[in-house]
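Novice: Each chain, written out:
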Amino acid sequence: MGIRHHGPGSARSVVRALALLQPTVVLVELPADCEAALAWVGHEQLQPPVALLGHVIDQPQRAAFLPFASFSPEWQAFVWARAHGVPIRAIDLPLQLSLAGGAADGDGAGDGELLLADHPVGDPIAALAAAAGDPDPERWWEDVIEHRGDGAPAFDAVAEAMAAVRGGWEAGSVREARREAYMRQCLRMALADGHQRIAVVCGAWHVPALAMPLPPATVDARTLRGLPKVKVGVSWVPWTHRRLAFATGYGAGVRSPGWYAHVFAHPGPEGVARWFVGAARLLRDRGLPASPDHLIAGTRTATALAALRGRPRPGLVEVLDAADTVMAGSTGLALIERELVVGDAIGEVPEGAPQVPLARDLATQQRKARLKPQADAHTLELDLRTPLGRSRSALLHRLQALEVPWGAVQEGRGSSGTFRETWGLRWEPELTIRVIERAAHGTTVQVAATNRLLERAAATTALADLIAVLDVAMLADLGAVVRPVVARVEAQAAHDPDVVQVIEALGPLARALRYGDVRGTDATALRNVFDGLVVRVLAGALMACRSLDDDAAAAMVERLAGVQAALALTDHAARRAEWPAMLTIITERTDVHGLVQGRAARLLHDGGAWKRAQVGNRVSRALSVGTPPAVGAAFVEGFLAGSGTVLVHDRELLEVIDAWVSALAPDAFVSTVPLLRRTFGAFEQAERRQLGLLLADQARATGSGFGADVDAARAALALVTVRQMLGVPQ
Amino acid sequence: MTLTPPQHTVLRPHAEHEFAHELAALAALDTHERPPNWRLSPWAVVTYLLGGTLADGTVVSPKYVGRRRLIEIAVATLATDRALLLLGVPGTAKTWVSEHLAAAISGDSTLLVQGTAGTAEEQLRYGWNYARLIAEGPSAAALVPSPIYRAMERGSIARVEELTRMPGDVQDALVTVLSEKTLPLPELGSEMQAVPGFNVIATANDRDRGVNDLSAALRRRFNTVVLPLPADIEEEVAIVQRRVAELGTALALPAVPASNDEIRRVVTIFRELRNGATADGRISLKVPTGSLSTAEAISVVTSGVALAAHFGDGHLGAADVAAGIVGAVVKDPVHDAVAWREYLEAVVRDRSEWGEFYEACREL
Numbered sequence: 018m019g020i021r022h023h024g025p026g027s028a029r030s031v032v033r034a035l036a037l038l039q040p041t042v043v044l045v046e047l048p049a050d051c052e053a054a055l056a057w058v059g060h061e062q063l064q065p066p067v068a069l070l071g072h073v074i075d076q077p078q079r080a081a082f083l084p085f086a087s088f089s090p091e092w093q094a095f096v097w098a099r100a101h102g103v104p105i106r107a108i109d110l111p112l113q114l115s116l117a118g119g120a121a122d123g124d125g126a127g128d129g130e131l132l133l134a135d136h137p138v139g140d141p142i143a144a145l146a147a148a149a150g151d152p153d154p155e156r157w158w159e160d161v162i163e164h165r166g167d168g169a170p171a172f173d174a175v176a177e178a179m180a181a182v183r184g185g186w187e188a189g190s191v192r193e194a195r196r197e198a199y200m201r202q203c204l205r206m207a208l209a210d211g212h213q214r215i216a217v218v219c220g221a222w223h224v225p226a227l228a229m230p231l232p233p234a235t236v237d238a239r240t241l242r243g244l245p246k247v248k249v250g251v252s253w254v255p256w257t258h259r260r261l262a263f264a265t266g267y268g269a270g271v272r273s274p275g276w277y278a279h280v281f282a283h284p285g286p287e288g289v290a291r292w293f294v295g296a297a298r299l300l301r302d303r304g305l306p307a308s309p310d311h312l313i314a315g316t317r318t319a320t321a322l323a324a325l326r327g328r329p330r331p332g333l334v335e336v337l338d339a340a341d342t343v344m345a346g347s348t349g350l351a352l353i354e355r356e357l358v359v360g361d362a363i364g365e366v367p368e369g370a371p372q373v374p375l376a377r378d379l380a381t382q383q384r385k386a387r388l389k390p391q392a393d394a395h396t397l398e399l400d401l402r403t404p405l406g407r408s409r410s411a412l413l414h415r416l417q418a419l420e421v422p423w424g425a426v427q428e429g430r431g432s433s434g435t436f437r438e439t440w441g442l443r444w445e446p447e448l449t450i451r452v453i454e455r456a457a458h459g460t461t462v463q464v465a466a467t468n469r470l471l472e473r474a475a476a477t478t479a480l481a482d483l484i485a486v487l488d489v490a491m492l493a494d495l496g497a498v499v500r501p502v503v504a505r506v507e508a509q510a511a512h513d514p515d516v517v518q519v520i521e522a523l524g525p526l527a528r529a530l531r532y533g534d535v536r537g538t539d540a541t542a543l544r545n546v547f548d549g550l551v552v553r554v555l556a557g558a559l560m561a562c563r564s565l566d567d568d569a570a571a572a573m574v575e576r577l578a579g580v581q582a583a584l585a586l587t588d589h590a591a592r593r594a595e596w597p598a599m600l601t602i603i604t605e606r607t608d609v610h611g612l613v614q615g616r617a618a619r620l621l622h623d624g625g626a627w628k629r630a631q632v633g634n635r636v637s638r639a640l641s642v643g644t645p646p647a648v649g650a651a652f653v654e655g656f657l658a659g660s661g662t663v664l665v666h667d668r669e670l671l672e673v674i675d676a677w678v679s680a681l682a683p684d685a686f687v688s689t690v691p692l693l694r695r696t697f698g699a700f701e702q703a704e705r706r707q708l709g710l711l712l713a714d715q716a717r718a719t720g721s722g723f724g725a726d727v728d729a730a731r732a733a734l735a736l737v738t739v740r741q742m743l744g745v746p747q
Numbered sequence: 389m390t391l392t393p394p395q396h397t398v399l400r401p402h403a404e405h406e407f408a409h410e411l412a413a414l415a416a417l418d419t420h421e422r423p424p425n426w427r428l429s430p431w432a433v434v435t436y437l438l439g440g441t442l443a444d445g446t447v448v449s450p451k452y453v454g455r456r457r458l459i460e461i462a463v464a465t466l467a468t469d470r471a472l473l474l475l476g477v478p479g480t481a482k483t484w485v486s487e488h489l490a491a492a493i494s495g496d497s498t499l500l501v502q503g504t505a506g507t508a509e510e511q512l513r514y515g516w517n518y519a520r521l522i523a524e525g526p527s528a529a530a531l532v533p534s535p536i537y538r539a540m541e542r543g544s545i546a547r548v549e550e551l552t553r554m555p556g557d558v559q560d561a562l563v564t565v566l567s568e569k570t571l572p573l574p575e576l577g578s579e580m581q582a583v584p585g586f587n588v589i590a591t592a593n594d595r596d597r598g599v600n601d602l603s604a605a606l607r608r609r610f611n612t613v614v615l616p617l618p619a620d621i622e623e624e625v626a627i628v629q630r631r632v633a634e635l636g637t638a639l640a641l642p643a644v645p646a647s648n649d650e651i652r653r654v655v656t657i658f659r660e661l662r663n664g665a666t667a668d669g670r671i672s673l674k675v676p677t678g679s680l681s682t683a684e685a686i687s688v689v690t691s692g693v694a695l696a697a698h699f700g701d702g703h704l705g706a707a708d709v710a711a712g713i714v715g716a717v718v719k720d721p722v723h724d725a726v727a728w729r730e731y732l733e734a735v736v737r738d739r740s741e742w743g744e745f746y747e748a749c750r751e752l
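Top line first, the protein sequences correspond to chains A and B.
When you read off a place in the first sequence, starting at 1, and then add 17, the result is the number in my numbering.
When you read off a place in the second sequence, starting at 1, and then add 388, the result is the number in my numbering.
Hints should not be assumed to be uniformly reliable.
[What the hints assert, rightly or not] Facing chain A, from chain B, some residues (calculated, C-beta under 10 angstroms):
| # | residue |
| --- | --- |
| 1 | Ile461 |
| 2 | Ala604 |
| 3 | Arg608 |
| 4 | Val613 |
[To be verified] Restraint-style ranges between C-beta atoms, simulated for each label pair:
| # | chain 1 | residue 1 | chain 2 | residue 2 | range |
| --- | --- | --- | --- | --- | --- |
| 5 | B | Ile671 | A | Asp567 | 26 to 36 angstroms |
| 6 | B | Gln502 | A | Ala703 | 53 to 63 angstroms |
| 7 | B | Ile671 | A | His395 | 44 to 54 angstroms |
| 8 | B | Ala505 | A | Pro306 | 55 to 65 angstroms |
Calculated directly from the structure, the hints in this document are not laboratory data.
Note that the structure is predicted; figures quoted are calculated from it, not measured.
Just so it is clear, CB atoms sit at the ideal spot from N, CA and C, and this is done for glycine as well.
Just chain A, with the same shape it has in the complex:
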């Protein structure tokens, strides 16, 4: 029986022909080493779309997928054979051989595609279609073969047509020759076993190669001799219609699995009407209008179009054209395309079926965490104060560590910011593949994630990468990672000549320290490392701030701000003494870029280390005659960076700057204006307006942000909360 992979008409014909033939054995074009896995067909939890995954045991990334949908002829053949107790034999070249061949070509990843796409299905059908005068081979095949679904006669016709196109049993390529040789060997074996009625389900292209009488066996034996072998594991994995779709790039796919599934389920003429009913229900679910009148019109238009185009019955093109014209302008068309034409179905695999151990453990973990893999995107809110929230979060983060991005943290303060985490989840079947790729790292999610992180840590010498690993380890609650990585951070920080890296490591570490206890992570080791890093930063900061050009200075001011934030976050002791002292030195040194000096002064001001008068003095010094105008302007830019509020509320400071600008010589003013503009241009418009008003003396600074009529009773209520938050006694 020559079929087209994933052809619904072929599938129906196969079932009908099998019922008619009552074969004693069914041979299917499927790698022979998948045969054992077929025992699972018929298990009620094995629901298509599913795929057989064959992977090389030691190199799980070299794998091949054989997807089946309910409308795949092969799947129907399995189901029929299982139901009638007829043995199934897989007769294609075993994966042991074909995957080994892939290694020689060096394209393990592409193998899955090759394995299925190497039938040049397009070409013979195109040749036939052209002979029949139809420019579109897909449509022609659909009209002539798929829409008939009348069993054995169709297969005879297909066999004849293919024989005409191919002209004999000789194969086109070496690979094809091997596969067909193997198929023939299996066929001979089935004959030798005394089977009288043998059904072979294979791609139409291979039919002539298997036609009786078979060529001499010795030729095939020679073809197959001496091929390299690898050890292959075969397992069932769930698949989706979306993955089946052509659009997502796998070969031998179909453009419209949803439509095919529909056609397979409803072969009769009422199928079109049913499809429109499905479409209308979908649209109504999403709150879009779809009246029965639309359905009637759509069905009639589709039928009329099919008649006009001389097709036996409306195909997908007619149905979509009809939907397009009846519901023109509706936003629902894209929805129909996504949900009905391609479809969202996702397969299921029974728990006991052959799976890689890691995948099995993942399934257990998912059940424990009560998280079900779903193909459509959805969000999940986790409350990290509850054990369930924590365990879910840990599982998701562990998968992140394994580079299996089931979900992505959507908001919150980046990492372990608050007790709430929002995840965007979407389980793509590719993730199943990633899980299998990671199988080499361990047999459980925890062990594999730990090993993967340790591997990453060992591979890097960059402090930032180590910190990132540490961050993930904390989030994923992988205690075994923390200690060795912390040790590496310590060692690396000691050897790292670049204090910048150390500074950048402070931020994530501080967050981990501050919020780690939300998750109950042990943080003492971390605290020690953090203290060690702070010492290094204090020692190296001045060096890092010297002799910088404009760009480097701009990056450095952000780092300084980061250090201050990290110290504040952890309420580190250095924040009160050593760090302000350090900043003071920075702001006084003449070999430090004006921008950095300015920001250091600002940090001192913000941190409350400097009194207002002190700040004013420093700013005024920067803006006085002795300082080159460019340095002065850079200082102002650094000092005011990002916000004009400080000026709005600090008259003294404003006056200092105002006086400096007014006192500039014309030449100096011209050269300073661009720099000043850069600073002031970055302010909010409202801030600029306020500043303008202040300078024009039209408004007196109110000194505080409140109006005159504060409602004392209501303010008191807010104060209670603020006190509670700050831990101040009432």
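With chain A fixed as given, assemble chain B onto it according to the hints.
Specialist: Chain B alone, transformed into the frame defined by chain A:
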């Protein structure tokens, strides 16, 4: 009774007259099934619109150049007795397609209601001969049928042009006609029931100024086919060429070889201004307010041909099209003039082979 002289003397003959031989040849060879009261089968209608060569060697000229799919949908819609709405920006051949569809299906493209802001319900339903109405009271004889009424009576295609220009309440007079295929005549206590073959082709323009949106009820009764602007420059050049040649014959202009280069230039300019960017995508342009449709390109070239024939050297040259182009582009004296000047200076001047055209435009 007809008020017009015999068809061969009129300025622009109806489609069913101009292409009578093609329709006859199609009808003779048409073996496909015909819906009731259709002159041709849907298959033959599609062939008539898209062109082709028949079994007996008759060449059917293409009336619509564009995607086959659209015409197929349009014809299939009419075959299902659902009304057809042709939607599109001005100059996308909506009226043209509607006329030829009516001519091919009913052999009569004259049952036409032209929608304007002043169109009243009587023009869609029926009016009264008031002298008779007063003398005899309401009677079938006093009733003045509208084109739609007559189409229902005969089972042919009625056309409604510029549906969206009618006031909304007048548009809705069509709802009963389209859904029930019945026109109630309360004054006579009876109704007019449509004969099979009756259908309505409406054209509308959803982006112009001064249009009234269709009500949801009416919209639901139409299958909509959106006619796009020509997809690529070759298609558009081909359309302009063919129409210019046809018009030249109809208007009895002296034969002027319509230079392919000039047509290509006009189409290029229109496309670039319409898309707001040059064909190579390197320069962005201001988009003028006019629609700059293919129809306008055709009229620019035709008037250029007339200029060349009567006042020029008998060859369509840059100067002949320049005047027409400026007139077509500059619809708004302020904004469009700026857009055109920018285009002239930024794009036209730098194209080496367009020097003559540039000079001609500058002189205007």
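Novice: Each hint: holds or not?
Specialist: Here is how each hint holds up against the structure:
Because the smallest distance between the Cβ of Ile461 (chain B) and any Cβ of chain A comes to about 5 angstroms, under 10 angstroms, the interface hint for this residue holds. Given the 10 angstroms rule on beta carbons, the hint for Ala604 (chain B) holds: about 8 angstroms separates it from the nearest Cβ of chain A. Interface restraint check for Arg608 (chain B): the shortest CB-CB distance to chain A comes to about 6 angstroms, inside 10 angstroms, so the restraint holds. Look at Val613 (chain B): its Cβ gets to within about 6 angstroms of chain A, closer than 10 angstroms, so that hint holds up.
Taking 26 to 36 angstroms as the suggested C-beta distance range, the pair Ile671 (chain B) and Asp567 (chain A) conforms, at roughly 35 angstroms. For the pair Gln502 (chain B) and Ala703 (chain A), the supplied restraint of 53 to 63 angstroms holds, since their beta-carbon distance comes to about 57 angstroms. Distance hint check: the CB atoms of Ile671 (chain B) and His395 (chain A) are about 45 angstroms apart, consistent with the given range 44 to 54 angstroms. Range check, Ala505 (chain B) to Pro306 (chain A): about 29 angstroms between beta-carbon atoms, so the 55 to 65 angstroms window is missed.
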